[in-house]
Amino acid sequence: MTTAHPLDVQPTPLALLLLGRQSDPASERGVDCPGDLPSPSDPDLVARARAAKEALGDRVFVLGHHYQRDEVIEFADVTGDSFKLARDAAARPEAEFIVFCGVHFMAESADILTSDAQQVVLPDLAAGCSMADMATAEQVAECWDVLTEAGVAGTTVPVSYMNSSADIKAFTGRHGGTICTSSNARRALQWAFEQGEKVLFLPDQHLGRNTAVRDMGMTPEDCVVYNPHKPGGGLTTQQLRDARMILWRGHCSVHGRFSLDSVREVRERIPGVNVLVHPECKHEVVAAADHVGSTEHIIRMLEEAPAGSKWAIGTELNLVRRLALRYAAQDKEVVFLDRTVCFCSTMNRIDLPHLVWALESLAAGRVVNRIQVDPETERYARAALERMLALP
Numbered sequence: 004m005t006t007a008h009p010l011d012v013q014p015t016p017l018a019l020l021l022l023g024r025q026s027d028p029a030s031e032r033g034v035d036c037p038g039d040l041p042s043p044s045d046p047d048l049v050a051r052a053r054a055a056k057e058a059l060g061d062r063v064f065v066l067g068h069h070y071q072r073d074e075v076i077e078f079a080d081v082t083g084d085s086f087k088l089a090r091d092a093a094a095r096p097e098a099e100f101i102v103f104c105g106v107h108f109m110a111e112s113a114d115i116l117t118s119d120a121q122q123v124v125l126p127d128l129a130a131g132c133s134m135a136d137m138a139t140a141e142q143v144a145e146c147w148d149v150l151t152e153a154g155v156a157g158t159t160v161p162v163s164y165m166n167s168s169a170d171i172k173a174f175t176g177r178h179g180g181t182i183c184t185s186s187n188a189r190r191a192l193q194w195a196f197e198q199g200e201k202v203l204f205l206p207d208q209h210l211g212r213n214t215a216v217r218d219m220g221m222t223p224e225d226c227v228v229y230n231p232h233k234p235g236g237g238l239t240t241q242q243l244r245d246a247r248m249i250l251w252r253g254h255c256s257v258h259g260r261f262s263l264d265s266v267r268e269v270r271e272r273i274p275g276v277n278v279l280v281h282p283e284c285k286h287e288v289v290a291a292a293d294h295v296g297s298t299e300h301i302i303r304m305l306e307e308a309p310a311g312s313k314w315a316i317g318t319e320l321n322l323v324r325r326l327a328l329r330y331a332a333q334d335k336e337v338v339f340l341d342r343t344v345c346f347c348s349t350m351n352r353i354d355l356p357h358l359v360w361a362l363e364s365l366a367a368g369r370v371v372n373r374i375q376v377d378p379e380t381e382r383y384a385r386a387a388l389e390r391m392l393a394l395p
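According to the numbering used here, the residues represented by the sequence shown are 4 to 395, in order.
Simulated from the structure, these hints should not be mistaken for lab results.
All values derive from a computational prediction rather than experimental measurement.
In this text, a Cβ means the ideal position worked out from N, Cα and C, and glycines have one as well.
Heads up, some of the hints might be wrong.
[Said to hold, decoys possible] Cβ pair distances, simulated, as ranges: (1) R369 with P46: 21 to 31 Å; (2) V344 with D119: 24 to 34 Å; (3) S118 with E268: 46 to 56 Å; (4) E299 with G157: 33 to 43 Å; (5) R342 with E307: 20 to 30 Å; (6) G157 with E336: 35 to 45 Å; (7) S118 with D148: 32 to 42 Å.
Turn these sequences into a full structure, and let the hints steer you where they fit.
Here you go:
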């Protein structure tokens with residue numbers, strides 16, 4: 004019998020996925036790029052990206068999410084949050100290729116909203132979203148069974164955050180629910196409570212709780228958290244019957260890092276600072292902040308802020324750093340809410356080498372990393388998205 008070397012270990016499937024190796028089509032993570040990437044040290048990367056984009060001309064439309072690296076944003080035709088970018092893509096039917104510099108669920112949404120003639124490309128399939136991964140189709144189906152057994156499914160309306168997989172959007176559409184963004188979550192919940200007595204909010208518990216309690220006057224006791232890793236979600240039948248908001252146990256790994264200590268520390272360090280945070284932050288952080296709003300709201304507030312004002316921003320670091328540089332010339336001080344550096348690690352997988360590889364492949368006639376949602380999933384996901392678009 005041979006003895007294995009102590010370091011001769013086999014990585015788990017999850018570890019391989021996190022490294023961008025092997026495949027799981029249902030996961031927000033991904034697989035290897037089928038080809039050789041340019042070296043990050045290649046001094047010609049910027050020129051190569053520019054040349055490939057110019058060669059493609061109007062056939063390609065590049066979308067850049069606000070949380071992307073500056074080196075990628077430089078080549079974006081439009082920037083924005085996930086839903087704005089998906090709609091921008093749909094508004095460009097002449098573009099044969101949509102290169103989405105974001106994460107997997109965003110590219111799925113773009114594929115759902117664009118025509119069949121358009122092809123959506125994600126430069127790195129390993130660019131996923133940890134929050135979206137926290138709710139799988141199987142887990143949500145099991146949750147619905149639990150609600151059915153408790154006798155509350157018939158009065159429960161699912162509301163899913165845009166930051167969810169196409170499968171979860173399809174579940175939402177199939178059960179008469181709607182999608183929401185961080186900017187219209189209140190309107191979505193108001194609509195849902197006109198349809199039923201309870202809401203199943205997926206997959207971000209913090210956005211759901213903050214909207215219900217801060218914006219709609221509910222109490223924390225009106226909310227329960229369904230944990231998919233516990234039998235029955237870790238809740239009793241009575242808890243499910245008493246709750247108005249059934250929150251999925253999910254969160255954003257970036258916004259979840261901000262704490263009350265972060266708020267206290269920045270107020271002590273910068274007297275007179277305005278604390279502005281995203282509603283994906285924990286409830287206690289939102290309650291302690293001066294202002295709360297979506298990514299687009301954060302950008303708009305800083306645009307309108309007076310010279311000499313000071314701001315601590317609780318959202319992804321790439322955007323905060325970009326805003327700090329932009330407004331320094333206007334004598335606006337913009338700092339990151341936490342002293343700990345915290346990028347969105349999966350969003351940062353889209354770098355210049357991956358973008359160059361994707362663009363050059365398209366220019367050479369090879370469609371790589373295409374994101375396609377199957378027709379049935381697309382049908383129900385689109386129904387949920389269209390209900391959101393119809394919100395007053």
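These are the hints, each one checked on the structure:
Distance hint check for R369 and P46: the Cβ-Cβ separation is about 25 Å, which falls inside the suggested range of 21 to 31 Å. The hinted window of 24 to 34 Å between V344 and D119 is violated, with their beta carbons roughly 42 Å apart. Checking the proposed 46 to 56 Å range against S118 and E268 shows it holds: the Cβ atoms sit about 49 Å from each other. One distance hint, 33 to 43 Å for the beta-carbon pair E299 and G157, holds here, with the actual separation near 36 Å.
Taking 20 to 30 Å as the suggested C-beta distance range, the pair R342 and E307 conforms, at roughly 27 Å. For G157 paired with E336, a C-beta distance near 53 Å fails the hint of 35 to 45 Å. The supplied range of 32 to 42 Å is met by S118 and D148, whose beta-carbon atoms lie about 36 Å from each other.
Hint compliance for this structure: hints 2 and 6 are broken, all remaining hints hold.
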